[in-house]
Amino acid sequence: MTDLASPTVRVSTRPAETRRDIGIKRRYAAERRFRVYGISAITLGLLFLALLLSTVVSNGYTAFLQTTITLPIEFSEKVIDPKNERSTDAKQLMTANYPLLVRDALVKQLGLDATKRPQVKQATDMVSASARTQLRDMVVADPSIIGKTVPVTLLAEANIDSAFKGQIDLSVAETNRKVKDQQVAWMNQLADAGVLKKSFNTGIFSFGASSRPEAAGVGVALIGSLYMMLIVLVLSLPIGVAASIYLEEFAPKNRLTDLIEVNINNLAAVPSIVYGLLGLAVFINFAGMPRSAALVGGFVLTLMTLPTIIIATRAALKAVPPSIRSAALGLGASKMQTIFHHVLPLAMPGILTGTIIGLAHALGETAPLLLIGMVAFVVDFPGSPLEPSTALPVQIYMWANEAERAFVERTSGAIIILLIFLVFMNLGAILLRRRFERRW
Amino acid sequence: MSEAAVEKALDQKMNTVPLKMIGKDVSVYYGEKRALFDVNLNIRENTVTALIGPSGCGKSTFLRTLNRMNDTIENCRVTGRITLDEDDIYDPSIDVVELRARVGMVFQKPNPFPKSIYENVSYGPRIHGLARSKADFDEVVETSLQKAGLWNEVKDRLQEPGTGLSGGQQQRLCIARAVAVSPEVILMDEPCSALDPIATAKVEELIHELRANFTIVIVTHSMQQAARVSQRTAMFHLGNLVEENDTDKMFTNPDDQRTQDYIMGRFG
Amino acid sequence: MLSEAGRFFSMVSPVEFFFGTVWDPRFAAAGSGDASGQFGLLPLLGGTLYIAFVAMLFAVPIGLFAAIYMAEYASPRLRSTAKPLLEVLAGIPTIVYGFFALVTVGPFLRDISTQLNGLLTGNYQNFIQAQSVLTAGIVMGIMLIPFVSSLSDDIITQVPRALRDGSLGLGATRSETVKKVILPAALPGIVGALLLTASRAVGETMIVVLAAGVAARMQLTPFEPMTTVTVKIVHQLTGDLEFTSPQTLVAFALGITLFVITLCLNIYALYIVRKYREQYE
Ligand SMILES: Nc1ncnc2c1ncn2[C@@H]1O[C@H](COP(=O)(O)OP(=O)(O)O)[C@@H](O)[C@H]1O
Ligand SMILES: [Mg+2]
Numbered sequence: 001m002t003d004l005a006s007p008t009v010r011v012s013t014r015p016a017e018t019r020r021d022i023g024i025k026r027r028y029a030a031e032r033r034f035r036v037y038g039i040s041a042i043t044l045g046l047l048f049l050a051l052l053l054s055t056v057v058s059n060g061y062t063a064f065l066q067t068t069i070t071l072p073i074e075f076s077e078k079v080i081d082p083k084n085e086r087s088t089d090a091k092q093l094m095t096a097n098y099p100l101l102v103r104d105a106l107v108k109q110l111g112l113d114a115t116k117r118p119q120v121k122q123a124t125d126m127v128s129a130s131a132r133t134q135l136r137d138m139v140v141a142d143p144s145i146i147g148k149t150v151p152v153t154l155l156a157e158a159n160i161d162s163a164f165k166g167q168i169d170l171s172v173a174e175t176n177r178k179v180k181d182q183q184v185a186w187m188n189q190l191a192d193a194g195v196l197k198k199s200f201n202t203g204i205f206s207f208g209a210s211s212r213p214e215a216a217g218v219g220v221a222l223i224g225s226l227y228m229m230l231i232v233l234v235l236s237l238p239i240g241v242a243a244s245i246y247l248e249e250f251a252p253k254n255r256l257t258d259l260i261e262v263n264i265n266n267l268a269a270v271p272s273i274v275y276g277l278l279g280l281a282v283f284i285n286f287a288g289m290p291r292s293a294a295l296v297g298g299f300v301l302t303l304m305t306l307p308t309i310i311i312a313t314r315a316a317l318k319a320v321p322p323s324i325r326s327a328a329l330g331l332g333a334s335k336m337q338t339i340f341h342h343v344l345p346l347a348m349p350g351i352l353t354g355t356i357i358g359l360a361h362a363l364g365e366t367a368p369l370l371l372i373g374m375v376a377f378v379v380d381f382p383g384s385p386l387e388p389s390t391a392l393p394v395q396i397y398m399w400a401n402e403a404e405r406a407f408v409e410r411t412s413g414a415i416i417i418l419l420i421f422l423v424f425m426n427l428g429a430i431l432l433r434r435r436f437e438r439r440w
Numbered sequence: 441m442s443e444a445a446v447e448k449a450l451d452q453k454m455n456t457v458p459l460k461m462i463g464k465d466v467s468v469y470y471g472e473k474r475a476l477f478d479v480n481l482n483i484r485e486n487t488v489t490a491l492i493g494p495s496g497c498g499k500s501t502f503l504r505t506l507n508r509m510n511d512t513i514e515n516c517r518v519t520g521r522i523t524l525d526e527d528d529i530y531d532p533s534i535d536v537v538e539l540r541a542r543v544g545m546v547f548q549k550p551n552p553f554p555k556s557i558y559e560n561v562s563y564g565p566r567i568h569g570l571a572r573s574k575a576d577f578d579e580v581v582e583t584s585l586q587k588a589g590l591w592n593e594v595k596d597r598l599q600e601p602g603t604g605l606s607g608g609q610q611q612r613l614c615i616a617r618a619v620a621v622s623p624e625v626i627l628m629d630e631p632c633s634a635l636d637p638i639a640t641a642k643v644e645e646l647i648h649e650l651r652a653n654f655t656i657v658i659v660t661h662s663m664q665q666a667a668r669v670s671q672r673t674a675m676f677h678l679g680n681l682v683e684e685n686d687t688d689k690m691f692t693n694p695d696d697q698r699t700q701d702y703i704m705g706r707f708g
Numbered sequence: 709m710l711s712e713a714g715r716f717f718s719m720v721s722p723v724e725f726f727f728g729t730v731w732d733p734r735f736a737a738a739g740s741g742d743a744s745g746q747f748g749l750l751p752l753l754g755g756t757l758y759i760a761f762v763a764m765l766f767a768v769p770i771g772l773f774a775a776i777y778m779a780e781y782a783s784p785r786l787r788s789t790a791k792p793l794l795e796v797l798a799g800i801p802t803i804v805y806g807f808f809a810l811v812t813v814g815p816f817l818r819d820i821s822t823q824l825n826g827l828l829t830g831n832y833q834n835f836i837q838a839q840s841v842l843t844a845g846i847v848m849g850i851m852l853i854p855f856v857s858s859l860s861d862d863i864i865t866q867v868p869r870a871l872r873d874g875s876l877g878l879g880a881t882r883s884e885t886v887k888k889v890i891l892p893a894a895l896p897g898i899v900g901a902l903l904l905t906a907s908r909a910v911g912e913t914m915i916v917v918l919a920a921g922v923a924a925r926m927q928l929t930p931f932e933p934m935t936t937v938t939v940k941i942v943h944q945l946t947g948d949l950e951f952t953s954p955q956t957l958v959a960f961a962l963g964i965t966l967f968v969i970t971l972c973l974n975i976y977a978l979y980i981v982r983k984y985r986e987q988y989e
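Going line by line, the protein sequences match chains A, B and C.
For the first sequence, my numbering puts the final residue at 440, and the numbers step up evenly by one.
For the second sequence, my numbering puts the final residue at 708, and the numbers step up evenly by one.
For the third sequence, my numbering puts the final residue at 989, and the numbers step up evenly by one.
Bear in mind the hints are in silico, worked out from the structure with no lab data behind them.
Treat each hint with caution, since some may be false.
[Claimed, not checked] Subject to a maximum C-alpha distance of 30 Å in a straight line, what follows is the list of computed DSS-like cross-link-like pairs (lysine-lysine):
{"no.": "1", "chain 1": "A", "residue 1": "K121", "chain 2": "A", "residue 2": "K108"}
{"no.": "2", "chain 1": "A", "residue 1": "K25", "chain 2": "B", "residue 2": "K555"}
{"no.": "3", "chain 1": "C", "residue 1": "K887", "chain 2": "B", "residue 2": "K549"}
{"no.": "4", "chain 1": "A", "residue 1": "K178", "chain 2": "A", "residue 2": "K148"}
{"no.": "5", "chain 1": "A", "residue 1": "K253", "chain 2": "C", "residue 2": "K983"}
{"no.": "6", "chain 1": "C", "residue 1": "K791", "chain 2": "B", "residue 2": "K587"}
{"no.": "7", "chain 1": "A", "residue 1": "K78", "chain 2": "A", "residue 2": "K25"}
{"no.": "8", "chain 1": "B", "residue 1": "K689", "chain 2": "B", "residue 2": "K555"}
{"no.": "9", "chain 1": "C", "residue 1": "K888", "chain 2": "B", "residue 2": "K574"}
{"no.": "10", "chain 1": "C", "residue 1": "K887", "chain 2": "C", "residue 2": "K791"}
{"no.": "11", "chain 1": "C", "residue 1": "K887", "chain 2": "A", "residue 2": "K25"}
{"no.": "12", "chain 1": "C", "residue 1": "K791", "chain 2": "B", "residue 2": "K595"}
{"no.": "13", "chain 1": "B", "residue 1": "K464", "chain 2": "C", "residue 2": "K983"}
{"no.": "14", "chain 1": "C", "residue 1": "K791", "chain 2": "A", "residue 2": "K318"}
{"no.": "15", "chain 1": "B", "residue 1": "K549", "chain 2": "C", "residue 2": "K983"}
{"no.": "16", "chain 1": "B", "residue 1": "K642", "chain 2": "B", "residue 2": "K595"}
{"no.": "17", "chain 1": "A", "residue 1": "K108", "chain 2": "A", "residue 2": "K25"}
{"no.": "18", "chain 1": "C", "residue 1": "K791", "chain 2": "B", "residue 2": "K574"}
{"no.": "19", "chain 1": "C", "residue 1": "K888", "chain 2": "C", "residue 2": "K791"}
{"no.": "20", "chain 1": "B", "residue 1": "K574", "chain 2": "A", "residue 2": "K25"}
{"no.": "21", "chain 1": "B", "residue 1": "K574", "chain 2": "C", "residue 2": "K983"}
{"no.": "22", "chain 1": "A", "residue 1": "K148", "chain 2": "A", "residue 2": "K78"}
{"no.": "23", "chain 1": "A", "residue 1": "K165", "chain 2": "A", "residue 2": "K83"}
{"no.": "24", "chain 1": "B", "residue 1": "K587", "chain 2": "C", "residue 2": "K983"}
[Said to hold, decoys possible] Example chain C residues on the side facing chain B (calculated, C-beta under 8 Å, incomplete):
{"no.": "25", "residue": "E780"}
{"no.": "26", "residue": "A782"}
{"no.": "27", "residue": "P815"}
{"no.": "28", "residue": "A838"}
{"no.": "29", "residue": "G874"}
{"no.": "30", "residue": "G879"}
{"no.": "31", "residue": "P892"}
Even for Gly, the Cβ is constructed at its ideal location relative to N, Cα and C.
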């Protein structure tokens, strides 16, 4: 180790023939190019994600605001029930001319001349036609209101809503847009008076289908989706876990179980629309279940989710260390006891994570539901999973097919709601995994 | 001449061999953990240097510092100075690609690429642009395989996959692959640990022959192997270089007590 | 499902279905007896494969390069943020992609083609339709990026470290190692991964329903609308159903066809991937 100090030690010199040109410059240029491709690919991917989300959010966040007009409505008996028949004819309150109440209130508010028909029509067009049902429901619920004057908050018509949110280009020639100058003037007048204003849009969560954007919401669709998720959970969790336990713990390892294993993997990759066709053929055509029902939708989504859950459950069962099994068996527990008391509880987080992810997939699934008729115009809340209903993604599909600007906003809003649900489900799955993965 | 005089003369001869690589105060850290402590070890030209020592003592770590394979390991840090000829190989002006073309490496487990035998050997010359024409490549493949003592066994099946050879043949293929780049130094990390005795004998014989053209550093866990193939031996223990000496001396009359224990323990 | 498809084939001959080049079920209903060629599968299959091809053309380079970068270059920190973020793309329901195609990508391509045409020829006329093979292909491609990247990432990281070291130890650069050693070694697995991805592309429904169009025709330009098997399944089965008419039953024949195609792709792909795994176990 003292070689260096020794005078006889020489250090070799680099032989001339080793000074070769191995194209370092060119090769490093290629290296840099390659890296740039990689970084660009990742950047592009993330860019698309950002673009996708920002499109949805920028189009959709305004859907959570709704322009309303609060007018003192006089529930005049003259208009609602001029012949005083409501005690004898129940239909009277249903068919009364409620829009007239709105017209009168608006004319008064704006100080218009009630005889100028076109002008009055323009003014009443600013209020959503849903005012009819809104007022009707108020009167039917409480007939004593007749004769009183009550401030009522009405929805503004979709175009006024858009204009008030600044989404309509007012520099376009008046004839080429849906909101007229006079209406804009009234709109501003009402806004100044504090009568017309934007507020949080609860309707988008509670309303059902409507051909009028301002009165359309995902309430009914949410109920449909909720029914289906419950059905999927109730069916696929027990079936999936039972099947996995059988396959993992009891089934003999032979060609048949091998085949089943391959098939389960294949089933997970079958296009979802094929499950829709299967559901249509089996549940509706063969078993005679009703179309458009959440029950059938739930069944179809269960079929679709099962492979995912089985795969996740088997992975979770496999991950339980064999030592735990041997320990339990060694203490004299039966195989059943070992599985249900020891293995299953340890595998539970993994199983639940897989289930949540499966449910999240099912929640966003659209195509199979179209085939079993859930693409229906459902106004009323389904009281049971057997009644016609629709689902959140299907509602999005239906709205996406509507041409109006206001529906683009609603569609994006509904997508935001769907994505928020998915984010929470996935976060739940991640947290579950984080919390339990340290255990062994 | 007396025995002592012979020894002295041999020492003299050895000491006149130029130093190919010089490691000065080499320390290596894996994250917080220190794996080598100020190792000073020189590698002589056209000499086989064996690195021995108990498992985990840092032999592979030191070997990898010699061609900067440690660069590929996450959070591994090297301090000190290592020179190849007169160049500091950790100097920013030194390029790893060029360095590794000069200091080749053969690994513990044979790792032929999943390609043909021919492509395995021509891989190095191809990436470095050392051969251009088909004839060039044919020649370099043939001479490298000959140097690795594999030519006669595979010359009729050069297009068959290298992974189809036996373990010993695979390892010699990997040596041929390293030789094809014409490096100055070849590093071998326990090249025979995965081989049977016959294949091991062949590789050892090969190392003997390669010594004429290359400087060789070999890590081995087998004392006998170190004794058979090397002229110089370095003994590591717990990340320290315990002793560096001529192989003959090391195995007959080591300076350090620990070396003695280790060697005797293993021989016994 | 098979029996429904069987009923269809008792009305329309399989030869006409599988080799017919015209898709026009409406006229078959009105027409008397002669329904020849009107349930032709080929234009739908052509559209399906064309759109899937465009999508793969878009997704494979991006996904593969992203996977390579993530597996070979990225620091653990970049990897642990970029990978899950990219996977978010896979968790977004396809209906959302369809909407994205409809309101953003389609109009964007249409407008940009108008501008391009105007600049080049002075004629401000769009040559890309808002609904087109290109629109559907690109958006589907975006959806497929995370599939390609995470499947390939898994495959690439399974290539043993010894091969990497062998190449680097000979003085290869990282990219040379990737191109000449790792990718060739991983190729079978990557092919399997790409086949799995292709099967997704073929079976994808919501994006094409909203972005590809409904016109069943055979053509080569990607700028025009084309339709797919899945779009027609949805079209034939929404609205009033009559389980006796060929118009409804054809959907089952289409479905079986789709099922068989994707199943073959999947079985073959999973077989390849399995073999690949075993090789390196
Ligand atoms: N990649 C690595 N990361 C962290 N520690 C390592 C790594 N490689 C080796 N070590 C540690 O460095 C020490 C020396 O290892 P090594 O050089 O492989 O020993 P040898 O080859 O002599 O058996 C050991 O304690 C080992 O645990
Ligand atoms: Mg070692």
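These are the hints, each one checked on the structure:
1. With a C-alpha separation of about 14 Å, the suggested pairing of A/K121 with A/K108 holds against the 30 Å cut-off.
2. A threshold of 30 Å between alpha carbons decides the hint, and for A/K25 with B/K555 the separation of about 27 Å falls inside it, so the pair holds.
3. In summary, the hint linking C/K887 to B/K549 is supported, as the alpha carbons are separated by about 23 Å, within the 30 Å threshold.
4. About 35 Å separates the Cα atoms of A/K178 and A/K148, which puts this hinted pair outside 30 Å; it is violated.
5. For the hint pairing A/K253 with C/K983, the CA-to-CA distance comes to about 19 Å; that is within 30 Å, so the pair holds.
6. Our distance criterion of 30 Å between C-alpha atoms is broken by C/K791 and B/K587, whose separation comes to about 46 Å.
7. Restraint check: the Cα-Cα separation between A/K78 and A/K25 comes to about 94 Å, which exceeds 30 Å; the hinted pair is violated.
8. The suggested pairing of B/K689 with B/K555 is violated, with an alpha-carbon distance near 44 Å, which exceeds 30 Å.
9. A distance of roughly 19 Å separates the Cα atoms of C/K888 and B/K574; the hinted pair therefore holds under the 30 Å criterion.
10. For the given pair, C/K887 sits about 22 Å from C/K791 by alpha-carbon distance, which is consistent with the 30 Å threshold.
11. Note on C/K887 and A/K25: the hinted pairing holds, with a Cα-Cα distance of about 18 Å set against a maximum of 30 Å.
12. Taking the CA atoms of C/K791 and B/K595, the gap is near 46 Å; set against the 30 Å cutoff, the hint is violated.
13. Note on B/K464 and C/K983: the hinted pairing is violated, with a Cα-Cα distance of about 49 Å set against a maximum of 30 Å.
14. About 25 Å separates the Cα atoms of C/K791 and A/K318, which keeps this hinted pair within 30 Å; it holds.
15. Between the alpha carbons of B/K549 and C/K983 the distance comes to roughly 23 Å, so the proposed pair stays at or under 30 Å and holds.
16. Restraint check for B/K642 and B/K595: satisfied, since their Cα atoms lie roughly 18 Å apart, inside the 30 Å limit.
17. Distance hint between A/K108 and A/K25 is unfulfilled; the C-alpha atoms sit about 83 Å from each other, more than 30 Å.
18. Pair hint C/K791 plus B/K574 does not hold up; C-alpha atoms about 43 Å apart against a cutoff of 30 Å.
19. The straight-line distance between the Cα atoms of C/K888 and C/K791 is roughly 25 Å, inside the 30 Å bound, and the hint therefore holds.
20. About 24 Å separates the Cα atoms of B/K574 and A/K25, which keeps this hinted pair within 30 Å; it holds.
21. Restraint check for B/K574 and C/K983: the C-alpha separation of about 35 Å exceeds 30 Å, so the hint is violated.
22. This hinted pair checks out: A/K148 and A/K78 have alpha carbons roughly 12 Å apart, not beyond 30 Å.
23. Of the pairs offered as hints, the one joining A/K165 and A/K83 is violated, with about 43 Å between alpha carbons and a cut-off of 30 Å exceeded.
24. Between B/K587 and C/K983 the CA atoms are separated by roughly 36 Å; this puts the pair beyond 30 Å, and the hint is violated.
25. Taking 8 Å as the C-beta cut-off, the interface hint given for C/E780 is violated, the closest approach to chain B being about 11 Å.
26. Violation of the interface hint for C/A782 is found here, the shortest Cβ-Cβ separation to chain B being roughly 12 Å, above the 8 Å cut-off.
27. A distance limit of 8 Å between C-beta atoms decides the matter here; for C/P815 the minimum to chain B is near 47 Å, and the interface restraint is violated.
28. Checking C/A838 against chain B: minimum C-beta separation of about 47 Å lies over 8 Å; hint violated.
29. Because the beta carbon of C/G874 sits about 4 Å from the nearest beta carbon in chain B, less than 8 Å, this interface hint is met.
30. Among the interface hints, the one on C/G879 holds; its C-beta lies about 4 Å from the nearest C-beta in chain B, closer than the 8 Å criterion.
31. Hint status for C/P892: holds, given a least beta-carbon distance of 7 Å to chain B, under 8 Å.
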